[in-house]
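Enquirer: Next come the chains, spelled out residue by residue.
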Amino acid sequence: MAKPGTEAAPDIDVENKLKEAFARGWQVIVWNDPINLMDYVVYVFKTVLKMDEAEASKHMWEVHQKGKSSVALETREKSEMLVHRLRGFGLNATMEQAR
Amino acid sequence: MTTEQIDPENWRLTFPEHEAAFIINVLARLGRQYQEDPKEMSPGLRAFWDGNITKGTAANPKELGELADAQQLLVEARTELRSQRLNLVENWIQEYELAETRDPWQVEVSSAERDELIAMLNDRRLLLAFHIGVTESDMEKDPSHIPDEARRHAILEIDVLGHFILVMLGPQIHRP
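Which chain is which? The protein sequence lines are A and B, in order. Those letters in the first sequence? Residues 2 to 100, by the numbering used here. Those letters in the second sequence? Residues -7 to 168, by the numbering used here.
No lab work stands behind these hints, which were simulated from the structure alone. Some hints could be false.
To be verified - Straight-line distance between alpha carbons at most 30 Å, and here's what the computed DSSO-like set of lysine-lysine pairs gives:
(1) Lys69(A) / Lys133(B)
(2) Lys47(B) / Lys69(A)
(3) Lys67(A) / Lys31(B)
(4) Lys59(A) / Lys133(B)
(5) Lys31(B) / Lys47(A)
(6) Lys67(A) / Lys133(B)
(7) Lys133(B) / Lys51(A)
(8) Lys79(A) / Lys133(B)
(9) Lys69(A) / Lys51(A)
(10) Lys47(A) / Lys47(B)
(11) Lys54(B) / Lys59(A)
(12) Lys79(A) / Lys54(B)
Construct all of the structure, not just a fragment, from the sequences and the given hints.
Expert: Encoded structure:
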């Protein structure tokens, strides 16, 4: 055990990197496709992402009109889980680190 | 088909005889697709089932490594999903085979079971679309005007399954 006053200084670099990683996070992106129905996409957003009707509809329209929508910003693990669940419902979901 | 919410967590689905037979036929085909060995799949179908964890370009080697790990986990999760859904398909078919009455065929399911049925019917739509290469404009056409018979049947099935999905979602659709 280190004597009082001789503890190792916190690794500022590691702390900064951790802060940066959490601040950047990972975006979950849903891409447009010709098959999934609009109401179905709204239902999946409500079920998986716990969005309310208005927010789910807003993202569904963004997917439809712009080709994609960023539907969540989470830690890597949470984003992975969301991608798995969205893909389980047949949506074309991917993730990328926020820039 | 009609759908009725019995209580907050349970639903009753009622199918006329011909719709029940159609759904069971779809599930049987889906079951065969779920149990297809990935090694036997075409590269395109394999890619469809594996999925891509990202479309972006990793900015650094660490991010690249994390995405490679995440891709591997996605492939494993998708393999497991197919196995779970194969079991569900078998349960649905068994339920149908054991039913005393099939006209109409009535099934009581939990919300989770209903969600899985919806997702599986959507899997079938996506697989049909994958096999025939459906585009946005195909989906806007009147299927009866599509000259190629196999393509016309596939698009009709995609449409009909979409109808079933919307009926099941009916109570949850609140379009302004």
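Enquirer: A separate judgement is required for each hint: does it hold in the structure or not?
Expert: Outcome of the hint check:
For the hint pairing Lys69(A) with Lys133(B), the CA-to-CA distance comes to about 24 Å; that is within 30 Å, so the pair holds. Annotation: proposed proximity of Lys47(B) to Lys69(A) holds, straight-line Cα distance about 12 Å (limit 30 Å). Pair hint Lys67(A) plus Lys31(B) does not hold up; C-alpha atoms about 36 Å apart against a cutoff of 30 Å. About 26 Å separates the Cα atoms of Lys59(A) and Lys133(B), which keeps this hinted pair within 30 Å; it holds.
For a cut-off of 30 Å, the pair hint linking Lys31(B) to Lys47(A) is broken: about 35 Å separates their Cα positions. Taking the CA atoms of Lys67(A) and Lys133(B), the gap is near 22 Å; set against the 30 Å cutoff, the hint holds. Between Lys133(B) and Lys51(A) the alpha-carbon distance is near 34 Å, which puts this suggested pair outside the 30 Å criterion. Between Lys79(A) and Lys133(B) the alpha-carbon distance is near 39 Å, which puts this suggested pair outside the 30 Å criterion.
At most 30 Å may separate the alpha-carbon atoms for a hinted pair to count; Lys69(A) and Lys51(A) meet this at roughly 19 Å. For the suggested pair Lys47(A) and Lys47(B), the alpha carbons sit about 24 Å apart, so the restraint of at most 30 Å is met. Taking the CA atoms of Lys54(B) and Lys59(A), the gap is about 34 Å. The hint is violated against a cut of 30 Å. With a CA separation close to 18 Å, the supplied pair Lys79(A) and Lys54(B) stays within the 30 Å bound.
Of the hints listed earlier, those the structure fails to meet are numbers 3, 5, 7, 8, 11, in rising order.
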